[in-house]
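Protein chains: 2
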Amino acid sequence: MRIAIDAMGGDNAPECNVQGVLAAAQAWSDIELLLVGDEARLEPLLTSRPANVRIVHAASTIEADDEPVKAVRRKKDASMVVAGRMVREGEADCMISAGNTGALMTTGLLVVGRMAGVERPALSPMIPTMDGRGVLALDLGANMDAKPEHLVQYALMGSIYREKVHGIPKPRVGLLNVGTEAMKGNELTKQVYPMLEQLPIHFVGNVEARDVLEGSCDVLVCDGFVGNVLLKSLEGTAGSLFSVLKQEFTRSWYTKLAAAVLMPGLKRLKKMMDYKEHGGAPLLGLNGLVLKAHGSSDARAIENAVRQARTALQHDLIHTIATEIGGTTSGK
Amino acid sequence: MRIAIDAMGGDNAPECNVQGVLAAAQAWSDIELLLVGDEARLEPLLTSRPANVRIVHAASTIEADDEPVKAVRRKKDASMVVAGRMVREGEADCMISAGNTGALMTTGLLVVGRMAGVERPALSPMIPTMDGRGVLALDLGANMDAKPEHLVQYALMGSIYREKVHGIPKPRVGLLNVGTEAMKGNELTKQVYPMLEQLPIHFVGNVEARDVLEGSCDVLVCDGFVGNVLLKSLEGTAGSLFSVLKQEFTRSWYTKLAAAVLMPGLKRLKKMMDYKEHGGAPLLGLNGLVLKAHGSSDARAIENAVRQARTALQHDLIHTIATEIGGTTSGK
Numbered sequence: 001m002r003i004a005i006d007a008m009g010g011d012n013a014p015e016c017n018v019q020g021v022l023a024a025a026q027a028w029s030d031i032e033l034l035l036v037g038d039e040a041r042l043e044p045l046l047t048s049r050p051a052n053v054r055i056v057h058a059a060s061t062i063e064a065d066d067e068p069v070k071a072v073r074r075k076k077d078a079s080m081v082v083a084g085r086m087v088r089e090g091e092a093d094c095m096i097s098a099g100n101t102g103a104l105m106t107t108g109l110l111v112v113g114r115m116a117g118v119e120r121p122a123l124s125p126m127i128p129t130m131d132g133r134g135v136l137a138l139d140l141g142a143n144m145d146a147k148p149e150h151l152v153q154y155a156l157m158g159s160i161y162r163e164k165v166h167g168i169p170k171p172r173v174g175l176l177n178v179g180t181e182a183m184k185g186n187e188l189t190k191q192v193y194p195m196l197e198q199l200p201i202h203f204v205g206n207v208e209a210r211d212v213l214e215g216s217c218d219v220l221v222c223d224g225f226v227g228n229v230l231l232k233s234l235e236g237t238a239g240s241l242f243s244v245l246k247q248e249f250t251r252s253w254y255t256k257l258a259a260a261v262l263m264p265g266l267k268r269l270k271k272m273m274d275y276k277e278h279g280g281a282p283l284l285g286l287n288g289l290v291l292k293a294h295g296s297s298d299a300r301a302i303e304n305a306v307r308q309a310r311t312a313l314q315h316d317l318i319h320t321i322a323t324e325i326g327g328t329t330s331g332k
Numbered sequence: 333m334r335i336a337i338d339a340m341g342g343d344n345a346p347e348c349n350v351q352g353v354l355a356a357a358q359a360w361s362d363i364e365l366l367l368v369g370d371e372a373r374l375e376p377l378l379t380s381r382p383a384n385v386r387i388v389h390a391a392s393t394i395e396a397d398d399e400p401v402k403a404v405r406r407k408k409d410a411s412m413v414v415a416g417r418m419v420r421e422g423e424a425d426c427m428i429s430a431g432n433t434g435a436l437m438t439t440g441l442l443v444v445g446r447m448a449g450v451e452r453p454a455l456s457p458m459i460p461t462m463d464g465r466g467v468l469a470l471d472l473g474a475n476m477d478a479k480p481e482h483l484v485q486y487a488l489m490g491s492i493y494r495e496k497v498h499g500i501p502k503p504r505v506g507l508l509n510v511g512t513e514a515m516k517g518n519e520l521t522k523q524v525y526p527m528l529e530q531l532p533i534h535f536v537g538n539v540e541a542r543d544v545l546e547g548s549c550d551v552l553v554c555d556g557f558v559g560n561v562l563l564k565s566l567e568g569t570a571g572s573l574f575s576v577l578k579q580e581f582t583r584s585w586y587t588k589l590a591a592a593v594l595m596p597g598l599k600r601l602k603k604m605m606d607y608k609e610h611g612g613a614p615l616l617g618l619n620g621l622v623l624k625a626h627g628s629s630d631a632r633a634i635e636n637a638v639r640q641a642r643t644a645l646q647h648d649l650i651h652t653i654a655t656e657i658g659g660t661t662s663g664k
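Protein sequences appear in the order of chains A and B.
Under our numbering, think of the first position of the first sequence as 1, with each following residue one higher.
Under our numbering, think of the first position of the second sequence as 333, with each following residue one higher.
Calculated from the structure, these hints are not laboratory results.
List time: in silico DSS-like cross-link candidates among lysine-lysine, alpha-carbon distance up to 30 Å: (1) 147(A) / 516(B); (2) 184(A) / 402(B); (3) 479(B) / 147(A).
Listed next, with one range per pair, are the computed distances between beta-carbon atoms: (4) 358(B) / 181(A): 39 to 49 Å; (5) 448(B) / 274(A): 47 to 57 Å; (6) 595(B) / 311(A): 39 to 49 Å; (7) 571(B) / 264(A): 14 to 24 Å; (8) 401(B) / 147(A): 25 to 35 Å; (9) 571(B) / 46(A): 43 to 53 Å; (10) 311(A) / 632(B): 54 to 64 Å; (11) 49(A) / 602(B): 51 to 61 Å; (12) 54(A) / 463(B): 46 to 56 Å; (13) 246(A) / 532(B): 34 to 44 Å; (14) 323(A) / 402(B): 42 to 52 Å; (15) 602(B) / 267(A): 17 to 27 Å; (16) 532(B) / 264(A): 49 to 59 Å; (17) 628(B) / 1(A): 48 to 58 Å.
Incomplete in silico selection of chain B near chain A, CB under 10 Å: (18) 462; (19) 520; (20) 542; (21) 554; (22) 555; (23) 557; (24) 562; (25) 563; (26) 572; (27) 579; (28) 587; (29) 593; (30) 594; (31) 604.
Cβ atoms here follow ideal geometry from the backbone N, Cα and C, with glycine treated the same way.
Can you make the complete structure from the sequences, with help from the hints?
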């Protein structure tokens, strides 16, 4: 199992990326880790020399504010693009990047390439839930407009991912909607609902936005626009509430004292709401495994992303998805 | 100014509806209040007999779990439908109901009727914001699918409402989107953006879901499906966080003590997040003013809805909207 890591992508690159890779190399001897990036900068960061870590030189870097499509097309020697090419050429089984999300989606599409039969790959992060299990939501921004058949493929791919990578037997797949009744929703969800009923998955019907946090499903299917609105409103509400709480709690010496007593509970809650805790987001529907690690990933987050990639590879995720998608597409 | 109140709609009807109407009658002698409902049940509730309150008999009631379209079509003598007919016939200038939302939207469409030039009326509640001002969001569920021209009309109507009813000069109108740049979004928002720039409103561009609570605009425009997801995820996140906080705060005697100290602050925050505080939601784009009061309205909420209706009527809201919509439509 060879995993290529974009050593230059992310707010804490390349230092944390290298540290995370070194920790992962020590933890799992059955994987080979390929650090893709500027050799001159990476070499001095290798504080140890595990046999299963190798530097692959890439001269340039895609920056956080680069325009995605332009950057991927022009910077052919960027660490992210080189890692993508290694996946396409079979030199790596997976790539991980904490860099520019738009550029990574473009690399997935233009460099790694779509899986046969998949029209639209999906960005599939975990949304935190109150029960701590989280829900895999897709699509959360790779494609703004979706057709019914795209959502059908999201449902299939998400279900397989949860089963293979998270070990959930029969993951509950829900359709994000404005009501629980089958005939609720817009044109898209009304068309998709009966199609999801026909799939070989555990479809639990419509799920309302207010129930997502309560953990009412393991996979949540939606178009990229709505998914993005959902994720950002969850994040925004949590963020706004915490900042007002902070204000209220620092009003006087006795509220400060009381807040100090409650701090462990508040910290638990904040951690529960932190989607960084849930590891990288897979880009599903590509000709290889591509994982997006959070932009502010530290060494532990990178190590976790490697763990996730290793589990996915061990369970032959991509091949399973390809078989299922092939079966569903040809069965039409 | 004659305001018809569906006396039988809402969780606390008819008692609280009557109490609210009596309070409003005392507060404002320049309005006439028409209590529409079962005379035999309403008569005994009239603890005082103000000259500006009158009962209008309606034999039946639309229940919370009635199927909207069927109920409005069949129960022609239901209090909600009778109130709607009074608006259509010019016997009332406005109607207020705390009853079944779907049935009220249907009453608006089928009984009151659409305003000339308006294709899709919009349900326009206030979403609470951290600065306490709130944002009028439309559409939040009247129409699941929207065309660009619908969103253009939502923007116009919402802007006029905020100016006339809430006294905000040049309300800031935002388009709910996945990024702030002009070219972001799905097909719908990309098409709408340049159209909103051409309107005689203060268009502030795209607004992301995470910034809505921070009060970054006064009017938020979106299609009904996305709006519904946004509102429910705001409510759901706030609700889930409060329930986990409660759990954390009652872990032991000392966390309970600390929580008691912080209670006033928490209550302020909870009140800030309570959309009932913001009064009724207008259904905009109809041939008369229709206000949806919250289902759990108490007497004060009904009185507030009457206040809101009175302000709208004083500022000739419906006529202003009709003129603007006419101007924009004919100007094409």
